[in-house]
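Peer 1: As a plain string of letters, each chain reads:
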Amino acid sequence: MFQELSLMPDLTVADNISIADPPRRFGLIDRKAQRERAEALLARIHCEDVDPRALVRDLSLSRRQMVEIAKALGKDPKLLILDEATSALTSRDVETVYSVLGELKQDGVGMLFISHRMHEVEALCDTLSVFRNGQHIETFAKGARSQNDIVKLMIGRDVSHQFPPKPVRTKPNTPHLVVDNLRWENALNGVSLSVGKGEIVGLGGLDGQGQKELLLALFGVLRGVDGKVGIGGADGLTGSPAEAKSGKNRIALVPEDRKTEGLMLPMSIADNLLAASFDRVSVGPFIDRSKEKQAVADAIKQLQIKINRPEDAVATLSGGNQQKVVIAKWLMTEPEIILLNDPTRGIDVGTKQELYRLMRELADQDRAILFYSTDYAELIGCCDRVAVMYDGRIVTEFSGAAITEEALVSAALNITVPISTSPGVPA
Amino acid sequence: MTTASTPRRESALVMSIRQNRGFYGALLLLAVLYIVYNFLHPKGFSTNVFIANTNESVALAFVAMAQAMTVIVGGLDLSVGSVMTLTSCIASELVRGEPWQIVFGCLVTVAAGTGFGLVNGVIIVYGRLQPIIATLATGAVAMGLALLIRPKPGGEVDLDLNWAATNSLRDLAETYHLFSDGEDAWFQPIAWVPVPLLIMIIVAAVIWVPFKRTVTGRTLYAIGSSEGAAFMSGLPINRARLWAFTLAGTFAGCAGLYLAIQTGSGNADIPQAGAYTLNSIAAVVLGGISLLGGVGTAIGALIGALILRVISFYFRILSIDPLMQSLVEGIVLLLAVSLGAVRTLRVKNRLELFR
Amino acid sequence: MATLNLPHLKSDDLPIVIAAGFILVILAAGTAYTLSTLGTAPLLTPNYLLTQLQTGAFLGIVACGMMTVILLGHIDLSIPWTMTAAAMMATTIGGPGAIPTGLAIGLIVGLVNGFGVAYLRIPSMIFTLGVDSVMRGLMVAHTGGFAPQDTATDLMRYLAAEKVLGVPVAVFVWAAISIVISAVLARTSFGKAIYATGNREAAAYLSGIRTRWIIVGAFVISGLCAASAGMLLAGYSNKAYQGMGNAYLLPAIAAVVIGGTSILGGRGRFIGTLVGVILIVLLNSVLSIAQMPEAGRQIIYGLVIIVMLLVYGRTTRVTS
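Protein sequence lines correspond, in order, to chains A, B and C.
Last residue of the first sequence: number 434 in the working numbering, and the count goes up by one each step with no gaps.
Last residue of the second sequence: number 580 in the working numbering, and the count goes up by one each step with no gaps.
Last residue of the third sequence: number 300 in the working numbering, and the count goes up by one each step with no gaps.
Among the hints, erroneous ones may be present.
With a Cα cut of at most 25 Å, we get these calculated DMTMM-like pairs of lysine to aspartate or glutamate [what the hints assert, rightly or not]: (1) LYS437(B) - ASP65(A); (2) LYS377(B) - GLU274(C); (3) LYS573(B) - GLU318(A); (4) LYS219(A) - ASP90(A); (5) LYS82(A) - GLU452(B); (6) LYS149(A) - ASP90(A); (7) LYS573(B) - ASP242(A); (8) LYS300(A) - GLU318(A).
Hint data in this document are derived by calculation from the structure and do not stem from the laboratory.
Put together the whole structure using the sequences plus the hints.
Peer 2: So this is what it looks like as structure tokens:
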């Protein structure tokens, strides 16, 4: 049972549930038995509304996740690993899943439940383990620690020194990027936000609350965006990344997935660095070799990217250096607005620290930075302000000393009462 | 999408139509085209016209089904036309003489197609080559073998078989003295049925329908739909690919066999092989099979092939210059795929276009 | 299915080296054959080689265009009738307007193909196939199904069949187009954008590359190349005829792929396509010297492609 759905979209629900070992008669798949099996499994998780004959493609994300759970149950597991299994479920489904998991527990099935949602862990689990940055932090029985303590264990405290000092504000920045009531499909439900020159604004909240869509909308990727975007006082709603990066907009986006959206992995480091700014090193239609060389060398030096030769494929670099290539690519376009979509995911601590310093340097050069991260510590350490999103809206904004783990977590869960703000957490 | 508030289920047919719009659209188009054709034809709605029409459709229908196998797994087979030509040349050498020799010849012909498909599959799966380019090359080999067997058009196929396979059931019965030469009373209601139609239906029913319900058949769809998910679910990916190309060879072999029986000869005609290959791709698309894989059935490809054929029949009765045929075929194809493209204009997140 | 390649320059060059080596093998085998049967080595005479290059020029020009499209991970199946249509319209118009007319045909076909593939996002395999069919219908309608009576203009004949300093002019044309295309691919931002788009369209798009324009541009190049080749072929045979382009589609694809360009797009060097074209032309001519019947030619042709691809496959592909 995986967080990323392992269903075949073009097959029916019944097909998917029994994909590995379908009921057979005379060697052929018995569709009737298969459908009944699917119906029985779906009924067990109270999903009678899902038609076993429907295509998975036509189901909503929450229904798909329920089908996935049914598929996992169909294997009569002894150990069930649920990785963020409830992330897309409606609250009604979550309760159903709880009760099914409870039944399974009675039946002696072992379960490993991975979740970011505190109340789920509280409700379900007997023993809790906290992991942070790939390290096991602590394991304890349910009730041994308060919710507060768990949150602090998750965040850790020893990380603050990684971050460069924030400048002291004397006067509010003049807003450079102004977003007013931005709407798109169901993902953005009226986002209003402003980012000033020289400011790093963080986007917080649980995963999938519209943060990515907001960045993509600003970068001109989404079609049918409603609302106003002002850049430096002019209209800044663009129709394509090509428009977004050029002219007076000067936007850069470091995308979510560097392997598929940020880089052309088999191509050389030099070509990847120049991918957004070939026009800058060209004379007429032709690329000027010496300018090209110079620009590449400058970029590599500026970000201290560790490479053998610029001609090597970018795939040969480590994750951190790959991400540096993506960022260097965009710095070459001399952007004024930099959108970062979780740029530190999957890179080593050292490179992370370099990136934090770089972000602050860029802000000091008067650029406006909008920074989405799933890591609270980063938001706290890097940002001048943090806007927390929930369900396609910005629910709260914090600035300065008000940016604390507790405030961010409670805002992300859309809990109005802050958990607590007490300092003094064991490191 | 069904929701909790509406527990009432759609009927199976409604659901099937909604899930297979391409297929049912093709079926409707075929029905309309063919009915109108019969109204326009001076001898419309007669058995003779029906028999002649089905006769001309069988080979393309088989080749289209062959193509469907490989397209469903997300591949493409550019050798189907050549394999058909190769097997028709083999058939023109073997399908004659004593009855046992004829049966043996038919079996060898289809086996040759199957074997060639297997070779394609092995090269693609274990040689890890792109299907397009690998079958482009094996297609040339098949063509060469066909020319080796039959450097000049000719050969002869058993005449009785030719007559029996290309006419109505009554003629079949007469030829082989079955059912009192087709005079039995019970036989009369079905006596008019064209044999070529039966051949198409039987082969599709015997090979495709059961295959679709095996785990291997299911895996074809899983691979075409999402290879990653298929892999994660522990499905036999290599075996399914191998089967897809092998069965494509079988269908191409059936096409070659019928072509030889129908024309009574074999002809290693390179342009004809190319035309069949290209038409098979067109038929697959018309029949509601996604070129990206995972969607559609061999039956859809059969329907698509029939649509292409019916369009060509119009040229005759409307006394349009048959030379205009490719223009009309091309326009029909472009229109059909452009209709499907309306979807891309509705995509709201442009990143989804690249997946 | 995007396999992760771990390329350095080496892995891109290897197919080219192998293909070049194979050219030598073909030459050696052909010479050995002629020495044993005729006692001479015509294959090695400059004159013979130049004649081969002259006939190779048509395929070479087509392959130039095909390569730009394949680099994007697409394919252009409309080449045969683009060639024919350009040649027919050029000979019909005649006079000084002939060549511009032919090129205009190529431009239009390229724009239509590019629109269908880039904007409607129809698989290029099927869209270009439909366009090819439409072009064929239009040309058949244009000639009424008879062989056209128009002859090639003097300029077309000069470009295709004359010689300058003992070298066929067609070879110069091929060389000129090759230089232009290789410069475009290697030295312009358009060329770099083609590689980027072919590698990973999403990443190219998010880098602010106008990927749709790039795709249209590549198809236009392919259309123009096919039109040029068609007109040259008409000049060479002094007339345009039905189906004159049919024999060029598959060899062009084969030449590009043998030259090391990935059919999935994004990888491949222009010099490889050049080597691929020469390999196919020489293979054909050796087989015809050996009086190999068509059957044997087809078989050898297919086997050579498969064997060469299997050799590359072992070295350049890493399936995860």
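Peer 1: Each hint needs a verdict: does it hold in this structure or not?
Peer 2: Tested hints:
Distance restraint check for LYS437(B) and ASP65(A): the Cα-Cα separation of roughly 22 Å lies within the 25 Å cut-off, and the hinted pair is therefore satisfied. The hinted pair formed by LYS377(B) and GLU274(C) meets the criterion: a straight-line CA distance of about 11 Å does not exceed 25 Å. A hinted pair counts as satisfied when its Cα atoms are at most 25 Å apart, and LYS573(B) with GLU318(A) does not qualify at roughly 37 Å. Distance restraint check for LYS219(A) and ASP90(A): the Cα-Cα separation of roughly 21 Å lies within the 25 Å cut-off, and the hinted pair is therefore satisfied.
Between the alpha carbons of LYS82(A) and GLU452(B) the distance comes to roughly 21 Å, so the proposed pair stays at or under 25 Å and holds. Between the alpha carbons of LYS149(A) and ASP90(A) the distance comes to roughly 19 Å, so the proposed pair stays at or under 25 Å and holds. Restraint check for LYS573(B) and ASP242(A): the C-alpha separation of about 21 Å stays at or below 25 Å, so the hint holds. Distance restraint check for LYS300(A) and GLU318(A): the Cα-Cα separation of roughly 11 Å lies within the 25 Å cut-off, and the hinted pair is therefore satisfied.
This entry does not satisfy hint 3, going by the numbered hints stated previously; all others are met.
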